[in-house]
Amino acid sequence: MSFKILIVDDEPALQNMVGEILVRAGYEIQGALSCAQALERFRTAAPEAVLLDVMLPDGDGFSLFGQLRQIRDVPVLFLSARDEDEARLRGLGLGADDYITKPFLPQELLLRLKAVLRRVYREEPSTAKLGDAEIDWGKSTVRRGDGETALTAKEFSLLRKLWEARGNIVTVDALCSALWDGPLVGYENTLMVHIRRLREKIEADPSHPNYLLTVRGLGYRLSREGTK
Amino acid sequence: MSLRSIFKGAMLVTASAALIAVITIAGILALAFYYSDGGRSWSVSVTRVSDALTYDGTGYDFSGDELLGDDRWAILIGEDGQVIWSLRKPTDVPEQYTLTDVASFTRWYLNDYPVQCRIREDGLLVVGSPKGSIWKHDISTESRLLHDAPLWCGGIFLLALGCVLLLAYFAVRRWFRQAQHVRDSARSNWINGVSHDIRTPLSVVMGYAAQLEEAPDLSPEHKGQAAAIRVQSQVIRELVNDLNLTMRLDFEMQPLRKESLQPEAFLRQVAADFLNGGMAEGFDFEMDLPEEPLPRLEADPFLLRRAVNNLLINAVKHNRPGGSIRLGAETEGNMLVFRVEGGTGAGSSRPGRPEALGPDGGAAHGTGLKLVAQIAAAHGGRADFYGGTPYRCRLCLPVSGASVTSRRSPRS
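Taken in sequence, the protein lines are chains S and R.
Every letter in the first sequence is one number past the one before it in our numbering, and letter 165, counting from 1, is 165.
Every letter in the second sequence is one number past the one before it in our numbering, and letter 332, counting from 1, is 560.
Any given hint might turn out to be false.
Claimed, not checked - Here are the in silico distance ranges between beta carbons for each label pair:
1) Asn189/S to Glu509/R: 25 to 33 Å
2) Glu487/R to Gly147/S: 45 to 53 Å
3) Leu394/R to Gln67/S: 49 to 57 Å
4) Pro57/S to Asp516/R: 46 to 54 Å
5) Glu108/S to Gly452/R: 18 to 26 Å
6) Ala605/R to Glu148/S: 26 to 34 Å
7) Leu92/S to Gly608/R: 24 to 32 Å
8) Arg415/R to Asp85/S: 16 to 24 Å
9) Gly167/S to Gly608/R: 14 to 22 Å
10) Ser140/S to Arg415/R: 53 to 61 Å
Hints are computed from structural coordinates only; laboratory data are not their basis.
Cβ atoms here follow ideal geometry from the backbone N, Cα and C, with glycine treated the same way.
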């Protein structure tokens with residue numbers, strides 16, 4: 001499914017840049033430079049999510065957020081140049097799904113938008129490619145060549161967590177939290193065992209992994225190269 | 229506010245208070261003197277009343293009715309205590325007096341009538357006023373006290389002066405704070421405004437640079453240039469964030485939101501975010517954590533993340549184009565020490581003794597290390613910066629005794 005995103009920002013250059021990033025990532029976009037325009041586009045285009053600037057020429061984003069929510073309950077991410085705690089807490093306190101402070105990296109924006117959309121719409125890609133291995137998220141299996149191997153629940157959670165942040169390091173603590181809902185203490189060796197078993201299922205040569213990489217002292221990283 | 233302004237303000241308040249005190253005291257004294265003066269208005273009239281009362285050998289003649297007005301009366305008491313002359317004497321005023329009666333009313337009241345007396349050759353002249361019209365008061369004090377008057381007057385004066393100076397101090401302090409608040413607000417609004425205006429264009433620069441880095445049709449050289457633009461934009465972003473945070477800490481506008489942190493997990497996450505941000509490309513990164521778990525730390529994770537991040541950025545900045553960075557932690561007594569070392573030989577060798585820099589990391593290092601020192605101080609700790617090779621800094625933060633003890637207990 002291609003999500004339609006409404007970008008509300010009074011700076012055309014920023015709107016263009018964000019628009020290009022989103023289009024390249026497969027989203028449809030609608031732009032608005034003011035509160036009035038945003039309300040009109042929100043009603044006519046029915047976007048699935050809104051990226052909302054806080055300071056707009058004819059009003060503030062916080063008020064506009066309330067108006068949008070009265071019309072329809074869609075996820076809203078604030079994109080703001082205000083980095084004070086008060087502004088961030090106010091935005092999130094109103095019920096916004098995220099608050100991103102400018103300036104931001106495109107990858108950061110995409111990851112956070114994707115996380116919100118996944119949480120709200122429960123849209124999950126059914127498969128993923130890791131080199132010559134194909135992961136079926138629905139069946140929780142890995143297919144390599146002619147063979148198909150089932151992933152255990154822990155391996156599935158582990159792979160999912162790494163996939164969601166692919167290209168980035170995920171610390172051992174974050175992985176343990178995802179797997180056992182607790183701190184690392186006591187789980188280091190168990191985590192290593194799960195990683196080794198997962199490598200055996202997704203890597204051609206588990207001793208020299210190409211995708212599931214160890215970042216010594218920190219955690220693991222799923223390479224973005226060769227993943228789709 | 230300068231010392232001179234404070235002094236001028238204090239002088240102004242002191243002078244005003246002294247003037248008010250002098251006018252008030254002088255006024256009260258003048259009023260008291262004018263209206264009492266031992267009954268000056270009475271004594272004048274009672275003398276004149278006495279003069280107006282004459283004896284011609286057969287009887288008394290009084291020619292001073294106007295002196296008594298409408299409501300006063302007068303009697304003359306003879307040596308035997310008997311009233312021998314009277315004018316408008318009220319009926320409740322007796323005709324006969326004993327020595328005790330005389331001793332009493334000459335000082336106070338005669339049957340509640342305020343009276344004034346004058347001794348004459350033929351007796352005691354008593355002039356009375358209506359009941360309740362005059363308040364009489366008798367003052368007596370020890371002579372020694374009067375001799376010491378300069379001393380206690382001086383004491384009271386010093387006490388008053390102290391009160392005035394205290395008042396002046398509070399008033400001046402209030403003025404000073406108000407003036408400082410106005411100045412701080414203006415400065416903070418200006419910095420907020422500038423940083424706000426920088427953020428949006430910087431987003432565009434960073435966004436396009438990051439896209440160019442990944443453009444498939446761009447040469448490696450151009451991709452490298454795009455990466456440089458992106459990295460430098462991130463440096464500016466950090467600078468803007470540092471500037472804002474420094475200002476907030478300076479003006480005590482940043483509240484500490486402390487949480488209990490597990491140092492190892494915290495440092496790993498900060499390091500992962502730092503590396504994920506792509507600012508340490510070309511550097512080898514190494515974590516150096518002890519085998520035994522470190523004590524938990526009560527700290528504001530946002531501020532502490534900022535401090536460690538700044539140390540890492542600084543390590544990269546001072547060791548370009550590449551090398552190694554080591555992030556470690558250890559306990560020293562009741563302090564938890566975060567270490568950042570950078571340089572080609574970081575961790576493997578330490579040529580020479582590093583030179584300790586000032587508490588803000590030296591002026592040449594900009595706001596980044598000043599902010600680290602501020603954050604450490606806000607947590608009751610300190611930051612040590614060292615020049616030379618390898619680049620080295622330490623962030624020392626206090627941990628509670630209980631945390632250190634629990635760390636030493638065997639794991640269950």
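Consistency of the hints with the structure:
1. Asn189/S to Glu509/R: 25 to 33 Å: holds (32 Å)
2. Glu487/R to Gly147/S: 45 to 53 Å: Holds, at about 47 Å.
3. Leu394/R to Gln67/S: 49 to 57 Å: Given about 55 Å between the Cβ atoms, the range holds.
4. Pro57/S to Asp516/R: 46 to 54 Å: The hinted range 46 to 54 Å holds for Pro57/S and Asp516/R, with Cβ atoms some 51 Å apart.
5. Glu108/S to Gly452/R: 18 to 26 Å: holds (21 Å)
6. Ala605/R to Glu148/S: 26 to 34 Å: violated (59 Å)
7. Leu92/S to Gly608/R: 24 to 32 Å: Distance hint for Leu92/S, Gly608/R holds at roughly 29 Å.
8. Arg415/R to Asp85/S: 16 to 24 Å: The hint (16 to 24 Å, Cβ to Cβ) holds, given that Arg415/R and Asp85/S are roughly 19 Å apart.
9. Gly167/S to Gly608/R: 14 to 22 Å: Violated - the Cβ-Cβ distance for Gly167/S and Gly608/R, about 39 Å, lies outside 14 to 22 Å.
10. Ser140/S to Arg415/R: 53 to 61 Å: Given about 58 Å between the Cβ atoms, the range holds.
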